[in-house]
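Colleague: Place chain B on chain A using the hints.
Protein chains in written order, with my numbering: chain A, 1 to 276; chain B, 1001 to 1259.
Simulated from the structure, these hints should not be mistaken for lab results.
Predicted model only: the values in this text are computed from it and were never measured.
Where a beta carbon is used, it is the ideal one built from N, C-alpha and C, also for glycine.
Treat the hints with care, as some may be off.
What the hints assert, rightly or not - Partial list, derived from the structure: chain A residues whose beta carbon lies under 7 Å from chain B:
| hint | residue |
| --- | --- |
| 1 | 73 |
| 2 | 101 |
| 3 | 108 |
| 4 | 150 |
| 5 | 266 |
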Amino acid sequence: MTVGLVPKHSAPAAHAGRSLPYISIANVDKVYAVDGNPITALRDVNLDIAAGEFISVVGPSGCGKSTLLKCVAGLQPISSGNIEVQQQPVVAPPDNMAVVFQRDVLLDWRTILDNVLIVVEFRGLRRRDYEERALQLLKNYGLDGYANRYPWELSGGMRQRVAICRALIVDPELLLMDEPFGALDAMTRDDLNAELERLWYQTRKTVMFITHGIDEAVYLADRVVVMARNPGRIAEIVPIDIPRPRPLSIRQTEDFGKYVHHIRHLFASMGLVKAE
Amino acid sequence: MNLWRRSEYARTVVIVLAALVLLWEGSVRLFGIRSFLLPAPSIVVADIVQHPLFFSEQSVYTLYVTLVGFAIALIGGILSAMAIVSSRWLDRTFYTLLVATNAVPKVALAPLFVIWLGTGGAPKIAIAAIIAVFPIVINATAGLRAVDDEMIDLARSAKAKRRDIMMKVRFPNALPSMFAGAKIGISFALIGAIVGEFVAGERGLGNVILTSQATFNSARAFAAILLLGILGTIVFFVVELFERWTLPWHISQRSDRGR
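Looking at chain B on its own, in the form it has when it is part of the complex:
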């Protein structure tokens, strides 16, 4: 009974998805829609099942670009946020510049990265990183700043060093915001990876979509999109799992224990 009730959310999702797939399959068959316009889900899945090696290679490549780009964005973003919060001068220059460049659609920069970094993995990773870094920096900065004045007074009254205030007060206090930024960032990194593969690339799921389009192989394009959806969901939940594991104390994670 308890398990049945707890799985209600999951059951609802499965039922809705199954209904959609059935509706899609049924409509394609019923109205005889041609495959290059809208392939039936059975054809899409069949394409993946028949080419497991091809699809896993492309997925792994896109995942690699996403994760490396995300890692760079995460480390760079958090270090930048710490520097911005520590220095009034950096706050006025670097942070202002960052907010201004955030208004530029980063996708527009993709062709430039190809000019600068060539057509290998580097430009794709760079695009993934540059798109992912903004939500991370902005959330981390906000989190590092959002410390109680009295907490800082307490630290100062105990003669705490600036480094201790940063590492023992500001940083842990900012972790929930950093994770919020990271969850947006990981999705953005995947978008960046695909954009990178669109503008220059011979590998990855983005490239698969592009080449399928050229040959009207819609089933293959849909297969790549389906895999991207699965990939995006997995990486997002991995970040969320890590958050639960790191922040057992946070208000959003508390059980019914205590007050």
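So here's chain A without its partners, still in its complex pose:
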């Protein structure tokens, strides 16, 4: 993985000249048929994501942000345009990728350890080679002692941490996260945001993070992709020039507030939220 290839505070234009993008999304349309009527979920989406970049995608429900993620993940086909991951057109889920969903989708009948290792089994790898790493990941996420428990014995936040460990077990280069903290309470959400920021800072994975929370999007991202709906499209891409590592307290700074205000203003001007 090309760690540190991209300076972390660079504007999007600066990436383009230096190297090929890790993910390239070009002129993508996605049209569904609902009861025979075509619904445009995505229209003319263009986005390049550099290796090691953290991209947040924020938008109201129905703007196609989850659809975009599923298209990048190779879980849904696009109607036209082109998506490439590492210069390979996405026709199936790419290698070196893991997805975290809004719901933890842990298997009730498997212990926590077995839930983390299911990805290893799916990929046809040997469990034994990953058990130690799984236990270490669980420990890093404050879940040591829970390896042999069952999902229903854990709280929502702990379950989502297990889902993150499961995503990290094969050490993917690309992490796609579809509103992963959307169902959690505010305090747990803060904790997981801080943990994710630290994880990214230490590993520099390429991350595409879908959310409807503006604060969360700004806090985590190198660039925030703001989406509009009807049809789903990119309204603006906002580079976030806040130094890392970022403690949670950075959200009280004036800089942070400006970004949040700017994005909220964008939504207001589109009539998606009430103007302040």
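Modeller: The following block gives chain B in isolation, referenced to the frame of chain A:
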């Protein structure tokens, strides 16, 4: 105290049953009801106690037909459900056909099985199996389908093979539904066994009822019915016990542990 409270359900059942038996015995004696119309429970039980070998032989035969029929229905039903869920084509043809034939009272097929398979054990097992298979297939299919879309997406994102998605996700997820189907199926298999013994047979509790009717030996018929009730209850609870043992993780089995 704790044991006393926990056994409340069992005590209630025993008391209600005892009261019913006493009422039955008392009425028969009080009103002098003739034995071939309604034998007193004491006579019914006496018949069983006096012919232990006869009744155990007949019970074992009916149990054998029930269990073999159920086993065929269980294996065939679950394999069919897996095939239906794996193939859109089978879903449209086989499953549709299955639902359509489910509307036919399967008991009506019993005489045909005698024509096809003769009068031995085979037609009875076939009837037991054909009646038991429907609730199993239908519940298993529903269970195999009822998997979270995101769970399937997770598996696909990790490049899981179709076989792994079936065996590691769909199948365990469907186990509670399969057991629900199996619990109906085991009772249906017993009904099938009796129907089989009614239409053709020289053995089994169904045959005992039929021959007792011919000789107005109502006490013997009641004895067979009583044994059938006991048999049905036992096989049902064996399936339920197996369910508890297999699905400690399922929501219906959880203790107060955890959240």
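Colleague: Against each hint, give a clear statement of whether it holds in the structure.
Modeller: A quick look at each hint next to the structure:
no.	hint	in the structure
1	73	holds (6 Å)
2	101	holds (5 Å)
3	108	holds (5 Å)
4	150	holds (6 Å)
5	266	violated (29 Å)
Checked against the numbered hints listed earlier, the structure breaks hint 5 alone; every other hint is satisfied.
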